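Undergrad: With the hints as a guide, bring the two chains together.
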Amino acid sequence: NAGVTQTPKFQVLKTGQSMTLQCAQDMNHNSMYWYRQDPGMGLRLIYYSASEGTTDKGEVPNGYNVSRLNKREFSLRLESAAPSQTSVYFCASSGWSGTGATQYFGPGTRLLVL
Amino acid sequence: QKEVEQNSGPLSVPEGAIASLNCTYSDRGSQSFFWYRQYSGKSPELIMSIYSNGDKEDGRFTAQLNKASQYVSLLIRDSQPSDSATYLCAVTGNSGYALNFGKGTSLLVTP
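As you go down the protein sequences, you meet chains X and C in turn. Here our numbering is used: the first residue of the first sequence is 1, the next is one more, and so on. Here our numbering is used: the first residue of the second sequence is 1001, the next is one more, and so on.
For reference, chain C alone in the conformation it holds in the complex (with noise of 0.2 Å):
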């Protein structure tokens, strides 16, 4: 089973400050990788995708991705209350298609 590990957290950061978060992956094959937002209750809503190395910015996102060290980053800048919530890291797998989750990164951005 390839695995996507993420800290469970809570990850809690003041406002306007830079929330950091982090995923590993165990298969080096994959080729595409996700960050999505989950509101507690709703479904999961992409936020970034990033498909080579180096950084993706988009807004106050930034997503980094290091295949060598398998490892996927995403920073939010100016973190408002309204980004709390849980962050999910997902993988490509062995289709190509489907996608490996982490169980997710809960943030909480106090006021």
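Chain X on its own, in the form it takes in the complex (with noise of 0.2 Å):
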């Protein structure tokens, strides 16, 4: 039982070039999360999938674009990287418990763009 899985654990981009993170989880939950972690600016949602088939927005969506492939996987890419989005990416997935839904993290990419 892996958990939360991503890929790449890090990457260097030139502006302008584009990539995709992979997310995977084994733990059968519904909801699964892109998050960015920046220095003093702490953990921001950047897309989110309630359940497979779903997608909606977080709070800093602009540049990104997400796929739920299928239950277990969820990228997040990255069309034309920019210097500031420079951060440590993670991924999250929840069950839902009926009193909340417990977020469970992957390790995290680090992404450097040049």
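Don't read these hints as lab results, they were simulated from the structure. These figures come from a predicted structure and were not determined experimentally. Incorrect hints may appear among the rest.
Unchecked claim - Negatives, chain C to chain X, calculated, CB over 12 Å:
#1 Thr1024
#2 Asp1055
#3 Leu1108
As the list claims (entries may be wrong) - As a list, the in silico SDA-like pairs of lysine to any residue whose alpha-carbon atoms are at most 20 Å apart:
#4 C:Lys1103 / C:Met1048
#5 C:Lys1042 / X:Asp38
#6 X:Lys9 / X:Glu79
#7 C:Lys1103 / X:Gln37
#8 C:Lys1042 / X:Glu79
#9 C:Lys1103 / C:Asn1007
Stated by the list, open to error - Which residues of chain C face chain X? A partial, calculated answer using Cβ under 7 Å:
#10 Ser1043
#11 Lys1067
#12 Ala1068
#13 Phe1101
In this text, a Cβ means the ideal position worked out from N, Cα and C, and glycines have one as well.
TA: Here is the structure:
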């Protein structure tokens, strides 16, 4: 049981390049999330998918797209990377217990855009 | 934008003392509240969740919730150097799914 996995762990891009961050979970969770974390800014939600087949914007969606490929996988795409997208990206997933949706995080992807 | 506020710290406590971490939130409709611990360079890991007013204890950790005052706290008893980390308060947002995070409080437990 691996929990939430993310690939790659680290990536360097040049401005204008594109890339896709991959996330998968094996906990049979319905909901998945993408966050970015910057120094002094905390964790900010980029996009989330409440259930397979649905996606919604979070606080900072500009410059990103997402795909909920199936129940297990949720990818984040940067079409034209910018230095402002240098950050640590975390994927998370949650089930629904009826009293709240506890989120479990992947190990993160460190992205540097030059 | 619904806000979750935490003191950034650092909060420094001696080993064996009680560490008290506080969080306030602006959305009166929030129903679920979480404390995560994040070591430097690592991902957040869940410490406690709390959903109703009062105290919830789990080992050395106690979460306290006061919805009337829109206040959540985390007490760590018998603090250990291994507790040194950033503690993130998180509150459910409008969707009921996504979380709004505070910026975290840095805790340093000194031997």
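Undergrad: Of the numbered hints stated previously, which ones are contradicted by the structure, given in increasing order?
TA: The structure conflicts with hints 8, 11, 12, although it agrees with all the remaining ones.
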